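Student: Each chain is listed here by its residues.
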Amino acid sequence: MDTITTKLSKEEIFNLMKKFITEVIGEEFVEEMDITPESSFTKDLEMDSIEIVSFSEKIKAHFGDQIDFTGWLSSMDLDQLINLNLGMIISYIEECQS
Amino acid sequence: MPILNINHQSVHIQELNQNAPETIVLVHGMFSNLSVYYFSIAPMLATHFHVVLYDLKSHGMSGKTLSGYDLKSMTDDLKGLMDALKLKQVYLGGYSFGGLIALKMAIRFPNLIKKLAVIEAPDPSDEKARGIIEEYSREFLEHYVENFTDTTKVKMGKRQMEKNHRMYEYLFHQTSIKEDMILEKDFFKEEAITKIEQEVLLLYGLSSNCLETGKNLNQKIKNSSIQIVDGDHNIPIQEPQLIGEALLNFFQRK
Numbered sequence: 001m002d003t004i005t006t007k008l009s010k011e012e013i014f015n016l017m018k019k020f021i022t023e024v025i026g027e028e029f030v031e032e033m034d035i036t037p038e039s040s041f042t043k044d045l046e047m048d049s050i051e052i053v054s055f056s057e058k059i060k061a062h063f064g065d066q067i068d069f070t071g072w073l074s075s076m077d078l079d080q081l082i083n084l085n086l087g088m089i090i091s092y093i094e095e096c097q098s
Numbered sequence: 001m002p003i004l005n006i007n008h009q010s011v012h013i014q015e016l017n018q019n020a021p022e023t024i025v026l027v028h029g030m031f032s033n034l035s036v037y038y039f040s041i042a043p044m045l046a047t048h049f050h051v052v053l054y055d056l057k058s059h060g061m062s063g064k065t066l067s068g069y070d071l072k073s074m075t076d077d078l079k080g081l082m083d084a085l086k087l088k089q090v091y092l093g094g095y096s097f098g099g100l101i102a103l104k105m106a107i108r109f110p111n112l113i114k115k116l117a118v119i120e121a122p123d124p125s126d127e128k129a130r131g132i133i134e135e136y137s138r139e140f141l142e143h144y145v146e147n148f149t150d151t152t153k154v155k156m157g158k159r160q161m162e163k164n165h166r167m168y169e170y171l172f173h174q175t176s177i178k179e180d181m182i183l184e185k186d187f188f189k190e191e192a193i194t195k196i197e198q199e200v201l202l203l204y205g206l207s208s209n210c211l212e213t214g215k216n217l218n219q220k221i222k223n224s225s226i227q228i229v230d231g232d233h234n235i236p237i238q239e240p241q242l243i244g245e246a247l248l249n250f251f252q253r254k
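As they're listed, the protein sequences go chains A and B.
Just so it is clear: in the first sequence, position 41 is 41 by the working numbering, and no numbers are missing.
Just so it is clear: in the second sequence, position 128 is 128 by the working numbering, and no numbers are missing.
Honestly, the hints are just simulated from the structure, not real lab data.
Take the hints with a grain of salt, since some may be wrong.
[As the list claims (entries may be wrong)] 20 Å max Cα-Cα, derived DMTMM-like pairs, lysine to aspartate or glutamate:
| # | chain 1 | residue 1 | chain 2 | residue 2 |
| --- | --- | --- | --- | --- |
| 1 | B | Lys158 | A | Glu31 |
| 2 | A | Lys58 | B | Glu15 |
| 3 | B | Lys163 | A | Asp44 |
| 4 | A | Lys43 | B | Glu162 |
| 5 | B | Lys64 | B | Glu179 |
| 6 | B | Lys163 | A | Glu38 |
| 7 | B | Lys158 | A | Glu95 |
| 8 | B | Lys158 | A | Glu27 |
| 9 | B | Lys163 | A | Glu51 |
| 10 | B | Lys158 | A | Asp44 |
| 11 | A | Lys18 | A | Asp34 |
| 12 | B | Lys64 | A | Glu51 |
[Stated by the list, open to error] Computed from the model, here is a short list of chain B residues facing chain A with C-beta under 8 Å:
| # | residue |
| --- | --- |
| 13 | Met1 |
| 14 | Tyr38 |
| 15 | Phe39 |
| 16 | Ser40 |
| 17 | Arg159 |
[What the hints assert, rightly or not] Computed beta-carbon distance windows for the label pairs:
| # | chain 1 | residue 1 | chain 2 | residue 2 | range |
| --- | --- | --- | --- | --- | --- |
| 18 | B | Phe109 | A | Glu23 | 47 to 53 Å |
| 19 | A | Glu27 | B | Ile228 | 43 to 49 Å |
| 20 | B | Pro21 | A | Glu38 | 42 to 48 Å |
Everything numeric in this text was worked out from a predicted model, so none of it was measured.
Ideal Cβ placement from N, Cα and C applies to all residues, glycine included.
Put together the whole structure using the sequences plus the hints.
Tutor: Here it is as structure tokens:
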């Protein structure tokens, strides 16, 4: 487990998230997409729930106990989950680091 | 991603609160995966229990396999998972087809199961449920996804549609799932169902087309109770909070 200790900038978190998304859905799909902080997980990135499980696992493996990503997601209702975008995740991770 | 090798197959599992003394295992339904529990129901149960989720063969992130979709094989897989995790006795919950696996497990391995929760298990003799397989087509998939899919209520985009299409094509046209399901059509008529000794909670949706099946099971299983909640066959997605609470109360009650 490569748990990190240094604080990441917004841009570093964004790039890390992009890397995780690429690993989950595959490079061939990511190439066709313009991933931005506004990209929504379900509508723009077309991630289904098992892919979000996989993505959550990557966050857990990277940040360890520092970030309870699954706990944060589980506090949302279905509509909030559907509207979840990358920017919201970046802000959440930033908050957890501070 | 935690992957175990069970009965020569790769099985994707997720565990929550591993240090709790008692364990709940949850089984998902057909064409679904463990994410049906992962985001809401499992974290609720994990406040008191060790929770184990796994993807059935050819589902979610588990390995693909051409045969062995009958209830005996599916319960062999679950027994193998329990052995691999060194679980001696568990509380067991199953949704839809997973509910049938849970019932079969209680019949075959009564000593391993403390209590049983069955959510929306369908009657395998229901021709309509089996007919779905015969009528399968891309149009059917689009209709199915819009109306019955239990993993998300988001309309699918191209990549998801193709991913799901591939999964249905594989399961329906390459594996033995059709034949294996037909072989199980008399499962609810078997005497063994009436001999289940464990306490059983039946959870069904008020407007589900499986509700009658739930009531029949309630008649057949002597130590069972039925709880009917608002919603249809998709109650774990529609009412995760309610289902999580019902399961937690049931499994906690001594």
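Student: Please go over all the hints and tell whether each is borne out by the structure.
Tutor: For each hint, the structure was consulted:
1. Note on B:Lys158 and A:Glu31: the hinted pairing holds, with a Cα-Cα distance of about 15 Å set against a maximum of 20 Å.
2. With a C-alpha separation of about 15 Å, the suggested pairing of A:Lys58 with B:Glu15 holds against the 20 Å cut-off.
3. Of the supplied pair hints, the one linking B:Lys163 and A:Asp44 holds, its CA atoms being roughly 16 Å apart against a limit of 20 Å.
4. Taking the CA atoms of A:Lys43 and B:Glu162, the gap is near 15 Å; set against the 20 Å cutoff, the hint holds.
5. About 17 Å separates the Cα atoms of B:Lys64 and B:Glu179, which keeps this hinted pair within 20 Å; it holds.
6. For the hint linking B:Lys163 to A:Glu38, the alpha-carbon distance of about 24 Å lies beyond 20 Å, and the restraint is violated.
7. Our distance criterion of 20 Å between C-alpha atoms is broken by B:Lys158 and A:Glu95, whose separation comes to about 34 Å.
8. Restraint check for B:Lys158 and A:Glu27: the C-alpha separation of about 16 Å stays at or below 20 Å, so the hint holds.
9. Restraint check for B:Lys163 and A:Glu51: the C-alpha separation of about 12 Å stays at or below 20 Å, so the hint holds.
10. Proximity of B:Lys158 to A:Asp44 is assessed by CA-CA distance (about 11 Å); at most 20 Å being required, the pair is judged to hold.
11. The straight-line distance between the Cα atoms of A:Lys18 and A:Asp34 is roughly 10 Å, inside the 20 Å bound, and the hint therefore holds.
12. This hinted pair checks out: B:Lys64 and A:Glu51 have alpha carbons roughly 17 Å apart, not beyond 20 Å.
13. Checking B:Met1 against chain A: minimum C-beta separation of about 6 Å stays under 8 Å; hint holds.
14. The beta carbon of B:Tyr38 comes within 5 Å of a beta carbon in chain A, closer than 8 Å, and the hint placing it at the interface holds.
15. For B:Phe39, the interface hint holds, the least distance from its beta-carbon to any beta-carbon of chain A being 5 Å, beneath 8 Å.
16. With a cut of 8 Å, the hint placing B:Ser40 at the interface with chain A holds, because the nearest CB-to-CB distance is about 5 Å.
17. Interface restraint check: B:Arg159 against chain A, minimum CB-CB distance 5 Å, threshold 8 Å, status holds.
18. Remark: the range hint 47 to 53 Å for B:Phe109 to A:Glu23 is contradicted by a beta-carbon distance near 38 Å.
19. Separation of A:Glu27 from B:Ile228 is about 47 Å and conforms to the stated range, judged on CB atoms against 43 to 49 Å.
20. Distance hint for B:Pro21 and A:Glu38: a CB-CB separation of about 45 Å, consistent with the stated range 42 to 48 Å.
The structure shown violates the earlier hints numbered 6, 7, 18.
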